[in-house]
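Residue numbering for the sequence shown follows this note's numbering, starting at 101 and increasing by one per position.
Among the hints, a few may not be true.
[Said to hold, decoys possible] Cβ-Cβ distance ranges computed for the label pairs, FRET-style:
{"id": "1", "residue 1": "Pro174", "residue 2": "Thr117", "range": "31 to 37 angstroms"}
{"id": "2", "residue 1": "Leu125", "residue 2": "His175", "range": "23 to 29 angstroms"}
{"id": "3", "residue 1": "Arg146", "residue 2": "Asn126", "range": "20 to 26 angstroms"}
{"id": "4", "residue 1": "Gln171", "residue 2": "Gln130", "range": "23 to 29 angstroms"}
{"id": "5", "residue 1": "Leu170", "residue 2": "Arg149", "range": "31 to 37 angstroms"}
{"id": "6", "residue 1": "Leu135", "residue 2": "Ala156", "range": "14 to 20 angstroms"}
{"id": "7", "residue 1": "Ser137", "residue 2": "Glu166", "range": "18 to 24 angstroms"}
{"id": "8", "residue 1": "Glu120", "residue 2": "His175", "range": "33 to 39 angstroms"}
[Said to hold, decoys possible] In silico SDA-like links for lysine to any residue, alpha-carbon gap of 20 angstroms or less:
{"id": "9", "residue 1": "Lys119", "residue 2": "Ile129"}
{"id": "10", "residue 1": "Lys119", "residue 2": "Gly148"}
{"id": "11", "residue 1": "Lys119", "residue 2": "Leu135"}
{"id": "12", "residue 1": "Lys119", "residue 2": "Thr143"}
{"id": "13", "residue 1": "Lys119", "residue 2": "Gln130"}
These are calculated hints, taken from the structure and not from any lab test.
Here a beta-carbon is modelled for each residue, glycine too, at the ideal position from N, C-alpha and C.
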Amino acid sequence: ASISEAAPVTQLHTALTLKELALMLNVSIQALYDLRSQGRGPTGFRVGRQLRFRPAEIDSWLQRMEEEDLQRHPHRSA
101 ASISEAAPVT QLHTALTLKE LALMLNVSIQ ALYDLRSQGR GPTGFRVGRQ LRFRPAEIDS
161 WLQRMEEEDL QRHPHRSA
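Could you put the whole structure together from the sequences, leaning on the hints where they help?
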């Protein structure tokens, strides 16, 4: 990607690590790996060997998960 296509630096510093995301959601790192391997996890990107997740992607992923849950369990209240 060229410099003009790269995300603004202000967005990069807010990207969460896998560990931070797991702590935020109170789930194991393995649970996130499992969801990603099933195609149900958040979209991330690698910096070296570490995964990073942008807050906007986390929000949209959580929204998708909520919608999927509502479709599976339409009569449950939040």
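Against the structure, the hints:
no., hint, verdict
1, Pro174 with Thr117: 31 to 37 angstroms, "holds (35 angstroms)"
2, Leu125 with His175: 23 to 29 angstroms, "holds (25 angstroms)"
3, Arg146 with Asn126: 20 to 26 angstroms, "holds (24 angstroms)"
4, Gln171 with Gln130: 23 to 29 angstroms, "holds (26 angstroms)"
5, Leu170 with Arg149: 31 to 37 angstroms, "holds (36 angstroms)"
6, Leu135 with Ala156: 14 to 20 angstroms, "holds (18 angstroms)"
7, Ser137 with Glu166: 18 to 24 angstroms, "holds (21 angstroms)"
8, Glu120 with His175: 33 to 39 angstroms, "holds (34 angstroms)"
9, Lys119 with Ile129, "holds (6 angstroms)"
10, Lys119 with Gly148, "holds (15 angstroms)"
11, Lys119 with Leu135, "holds (15 angstroms)"
12, Lys119 with Thr143, "holds (15 angstroms)"
13, Lys119 with Gln130, "holds (10 angstroms)"
The structure shown violates none of the earlier numbered hints.
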